[in-house]
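**Student:** Single-letter residue listing:
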Amino acid sequence: MTAPDTAPDTGAAEPGALSAFSPLESQHIMLTGATGFVGQAILEKLLADYPTTRMTLLIRPKGSLTGQARLKSLLRKPVFSKWRERVGQEEVDRAMTERISVIESSMGSVAGLPADLDVLIHSASTVSFDPPIDDAFKTNVGGAVGLYEALLATGSDPHVVHVSTAYVGGVNKGTVVEESLKHSIQWRDEMAAALSARATVEASSRRPEVLRKLIADAKLDNGKVGPHAVAIAAEVGRTEWVTKRLVDYGRTRAQSVGWADVYSFTKSMSERVAEELWAGNGHRLSVVRPAIIESALKHPFPGWIDGFKVADPLIIAYGRGLVPEFPGLPDSILDIIPVDIVVNATLAVAANPPAASDPKYYHLSSGGRNPLTFREIYENVLKYFRANPIPDDQRGHIRTPYWDFPGARAIARSLRTGERTNQLLQRTLLRLPSTKTTRTFMRQASARQTDLELLRAYSDLYQNYTQAEIIYDDSRTAALNDQLPPSARQTYGFDATEIDWDDYLQEVHFPAVTTLMRTFSSRPRAKVQKEKPLPVNPDAAAIFDLEGTVLASNIIEQYLWVRLASLDRSKWPKELANLFSSLPRYIAADRRDRGEFIRTFYRRYEGVDEQALRELIHDTVGDVLLQRIRPEAVRQIRKHREAGHRTVLVTGAIDVLVEPFVTLFDDVVSSHMHADNGIWTGHLSKPPLVDEARAAWLRLYAVREGIDLAKSYAYGDSIADRAWLELAGNPQAVNPDAALFQHATTKHWRIHQWSDHNHSRIETISELLRGDTTTSRPTESSTHE
Amino acid sequence: MPRLAMRLAVTPSVHGLEYVTEAKGPFIFVANHPSALDEALVRDALADVAPRLVSVAVDPRRGIRGLLDRALSLRSATRLAALLASGTSVLLFAERTHPDDGTLGEFDLGAAALGIRTGVPIVPVTLQGTFRALPPWRTSALPGRPRVAVVFARPIHAGRGAELSAVTGSIVKAITAGLAEETLGWYGALRSQADQTELPREDGAAADWRRVWQATATPAGHARRRVWR
Amino acid sequence: MSRPGFVLSVDAQTPPLVVFQGEKVLLERLPFETSVLYPPDALPGIPSLDAAIEHALDAPVDSEPLGVLLARGSRVTIVFEDLSQPITSRTAPDVRQRVIEHVLERAAAAGVDDVELIAATGLRRRLTAHDLQRVLGERVYASFAPDHVRSHDAEDEALVSVGELADGTPIEVNGRVASSDLVISVRLATAVGNEGAAAVATKLIGARTARARGAFAARGGAGTDRAGSTARDPFDDLVDSIGERARVFTVDVTLTPEPTGPASAFLSKREREWSITDRALSAGLQAATRILPKRARVGLAQVSGVGYGVTSVVAGRPSSVHPLTEAFLAQQQVGQFDNPADVALFGIPNPGSIGSSLNPVTAAALGLGQIFNGQAAEPVVRAGGTAIFYHPLTPWFHPLYDPAYIDFFAEVLSRGTDPAAISTDFEEKFAADPWYRHVYQTSYANHALHPFHAWYSAAPAIEHLGEVIFVGGDHESTRRLGFKSATTLTDALEMASDSVGLHPSITYVHGAPVSISEVS
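Residue numbers (my numbering), protein chains in the order written: chain A, 1 to 785; chain B, 1 to 229; chain C, 1 to 520.
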């Protein structure tokens, strides 16, 4: 088990001291949660500075990745980079095969633990603060139960180090000491209640009152897409409702028994599990309770961090100017502890087992002896971002705001107002017709929405931390550190008083976090690529909607031009008044259902002489319609043709009105009016091809014509097109309305911004006025035959 | 004022005005006279070209204006010649009779005589559509601002020694062609005149109602295409 | 006799000078010692156009009078200029209408029934009914519409081959024209080079012929004066007759810009001679262009635009009439000026007859066209010199007229501006595109080849010049056209200083608005 030739190489700082001080010598250590932030760090420390130990890792297979594969990719992470540099890749591979063994298992059902364990470090837990109550209990409590029962089954007697959190102290004031929690909550009862909560909530989610509301909500957002989409959205809404309820169950239950959130509640329950199942059965148990763990102070390298931790999103959000104010007491202590101190302390605890059945508790915190107040953090953050501002997109740098600490209530109030205003704005925008301006507003509103959601989440999350008037006494941990020989403190020490906060924040932590942010945010920018030519594929089709997509116009406008062109000018005001007075009716119909709107509106065409209309469109109105065509659309259609795609126009507009564009497409599908002796009756001859009817048609069309929809393209502009756009492999939103814009953004559809022609409608009207004379024909008895 | 009222009542268009603007005034305008709109129409068309314009009809006007005419002795050829000499143009409605269907009546020779006497160019003027717009039995024009046209023909220079009936003939010919434009089109009218084809003319009292009917029928052109039935 | 053109050297006493910039009119103070080329004052218009036309038709050059040529039962086609020549007046009938009315009166008297009127559009868009009414007048239009008055269709199926180009491409012309007994061509010209080729057939050819004739390779080397090319033009055979049957009788009308009203009269006066009223009007116009939105400014430019007076009407045998017209127009050129300058300044107005702003490609082609076909007989700028134009080059395209231009600008010019490369890479694709053909034939789009020919026509000038700078040019579109944009004249001269030095000689070609010249 020893590796004699590597031993001199390791402790680079003081090799002599190492040989004298060798904790956990040749021990077999089992680690749960090795892929987590703390777990990774512990594993690295063991590999790097405890050369004689053997490790068994409990890793959950993830998807197709086996536990072994996950270990392999784990060892490639940055935390191991310094170690790898020092010992070389071969040593890493050797260690992976000789020193580490993997047990594939999930926390709930653990089987076949090795019987020769000396130490078990249990650091697995849920990362979320607000999971549904049953999930939280399953992971944090159920996981511990499964683990300790499996361990009991092996009959061995390792020293268990149970990693908990300082916040199991609950909502309190004053100093919390390192001892067993004082409460009388029965974890078994709580567990049973939590697990049955899901069934209860599922059942109540199926009550008609709940479902009715969900359907109504789904209709509001998806009514224009079609009935099928409404049903799907309602079901999704129900699942969300269940989750939200269960989260609420968890948080409320936690608060009712004195914890801030379900995370600390379940962690304290799992401490009880460890005490009862392990210490209670005559074994050795230590509980470590770290506070907020942040980036490494020294080891493996200063500033190492694995993704954003608790306080980091707030720091970043602040740096980006997103947090104008924050609830929190300036004098409250934010108890931050660097991860390498947590690791060293945990391993020191592991090397110093208590007596059997007498669990010992250790707080890993800074607040007791080296407090960092919220005000100090704020000042440091401000100083840092003033010196290193985050660049704004081509607009210089973001200037971070000053905080005033107005108190939680004032902030909650302004936050609530902001949320309400924004919600109202979005609701309104969804109802307005889609224009460039409304799309810009929508974009702004959804960005604001994200900001507000973020702020809300932070303010909920951090309230407990930033308003804490609680101090975690860590005298036992300090005593343990004092036991270390001075020569070993460099490598194994964990003294929280050593931290120089200003230096740590300015030089170590903030740079680490902002670098991380920059790598994140630079990613989407790399996505903006040059337009690639469309792949040639004779089986693909490009399906275009007409109004709003190819044409910057709608069926009301089309009607208006036709109508005005066929009326004497003296009758225009009457016609316009009539049309405008009916607009609310049409808008209401359109909001309910596209098909209903089309049917209602097309009644206006009652009495049209089809032949006369054809001539009118051929002579004048066709050109008016052509003016509204978007040049980008024509180019896109041409590109599709060049790539051998079949170009198809699908529209609810009447065939006669579509005539001027027919040559652009290979196939045109439009509505047809029912005619009686060449006079239109105002009824359609078939239901209009809109929303889901169009989707059904498209499915059938693809089958009949042998079109590969997955390779096809679909262009639409409104939420009513969603159903059929989704069928194509490459759905594209063209000048989308607010609702489709939202949908396209979340689904990462391509969004085109095609130009509306700057040919104003006033000019069109003046052209029609000229048409007054141009439509005049010579008298019948002209000299020409 | 009459001009403003006229503009509100009908949609006038003017053709051939450039013949007049390019020549030197004054002129003797000789026009047909199918309705009460005529004088205002011609005056409006000529507002910039011949601001000073006296109009005289063959039938003496009644009432105060008639008295005024008499006071100014506008009906005397000598007086008109003097006016022309001073640069005032003259508008003559030279039909001796007014057929009840708005077609052309017989022309007085006085207009041609005045032209020959003074050497002032004679401009035949055709008024199209005014009978339809405001027939004698109506007090106001048809609704919807019907289209009417004032068509100026090329000026006729009748010098001394020109034959009275020949000059009158060419005036009548020009006005007849102008009226024919309504049905035959401009080129059609030119062609039919060149070919000496008689313009179709109903005669006899039996066809009276038909002639009126025809004269007031809505012309085929100029209407917007009807799409809605 | 009108005053001849002259050259003014800018000094301290020189007032700010009028410079057209799209729909705007600027007053610019030019650097000292800039030579300002004033065109000669407009010749007085003919007072009695009727008489002039009558005289021209009845006593033509080298031809029997028109009345004799017209015979009962003969097939007559009247070919007239489209809107590439301006509508001569906003209120009075257009000159084309005046001439055509006279022609038709004679045709009617002679007993001709088979008359057709065709607008010689070349590759340009069809005329709308409204355009036709403005050009021909309501009466002529109504007499022949809709079947006997139309625009030439270069994609028509019924084209007739009447010869061969040098490369063997057949010369296909309008079928109706070739099958006529008599073709009466009514032509307008405002400046030298503006009257086009002697043969009217060049504007009545099919797209295939036009493509071969206008191909970049066929245009001769860049920099050569096109008038100087000695190669025999196969169209020389089509001047007096088209095909075996059709005889051509031409009526050439020369025009001169003349102010239409007091509001714009000052624009064509020399600034030194401005009265107090002129100054006030100019200040008003400046203020108006500053505060009005762009759309309204276009309208303003139309109102303040100029009309045209007729300076001569000559009719007869085309081969005899054409040289007369050319010689007549040459009188109006600026005769003498010093050596070609290092820098030339040009204003590019929006022609009123277009009714909207120029698209950037046309504007550039129009501006650069002035280098060789300007008011002066020789280029006013030396080879390798700099041309500075005033035009906003707003990337605005007419949705109906310019679909091919839109795509030319967006797809072709964005990849490169070299005409040779453009002609090999894109011309075929555009020419064969069914959509362009569809909108050219059924709607009012310019032919797909039109932007190509416009761009090729600018090529010799680009070759000739070292640098092309647009003052007030939209940054993006100027860049795309391969030119540079400057905000002010000072900036432009600064930019030019690299190639022409800090003290270049400058010539400002002070022009009344030019019209769109024949670009295809």
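If you are wondering where the hints come from, they were derived from the structure by calculation, not from laboratory data. Note that the structure is a prediction, hence the values are computed from the model and not measured. Every residue, glycine too, gets a C-beta built ideally from N, C-alpha and C. Worth double-checking, as some hints may not be accurate.
[As the list claims (entries may be wrong)] Derived lysine-lysine pairs resembling DSS-like cross-links, with alpha carbons at most 30 Å apart:
(1) B/K24 / C/K429
(2) C/K429 / A/K639
(3) A/K711 / C/K429
[As the list claims (entries may be wrong)] To list a few chain B residues with every Cβ distance to chain C over 12 Å, as calculated:
(4) S13
(5) A23
(6) E39
(7) V56
(8) A77
(9) R79
**Student:** Decide, hint by hint, whether the structure agrees.
**Tutor:** Structure-based check of each hint:
1. Distance check on the hinted pair: B/K24 and C/K429 sit about 59 Å apart at the alpha-carbon level, beyond 30 Å; violated.
2. With a C-alpha separation of about 12 Å, the suggested pairing of C/K429 with A/K639 holds against the 30 Å cut-off.
3. Between A/K711 and C/K429 the alpha-carbon distance is near 26 Å, which keeps this suggested pair within the 30 Å criterion.
4. With a cut of 12 Å on Cβ distances, B/S13 falls inside the contact zone with chain C, its closest approach being about 7 Å.
5. B/A23, annotated as away from the interface, has a beta carbon of chain C within 12 Å; the closest lies near 7 Å.
6. Separation of B/E39 from chain C is adequate, the least Cβ-Cβ distance of about 23 Å exceeding the 12 Å criterion.
7. With a minimum CB-CB distance of about 28 Å to chain C, B/V56 clears the 12 Å threshold, and the non-interface call stands.
8. Consistency note on B/A77: stated as away from chain C, and its beta-carbon is indeed over 12 Å from all of that chain's, at 29 Å minimum.
9. Remark: the non-interface label on B/R79 is consistent with the geometry, its nearest Cβ contact in chain C lying 30 Å away (cut-off 12 Å).
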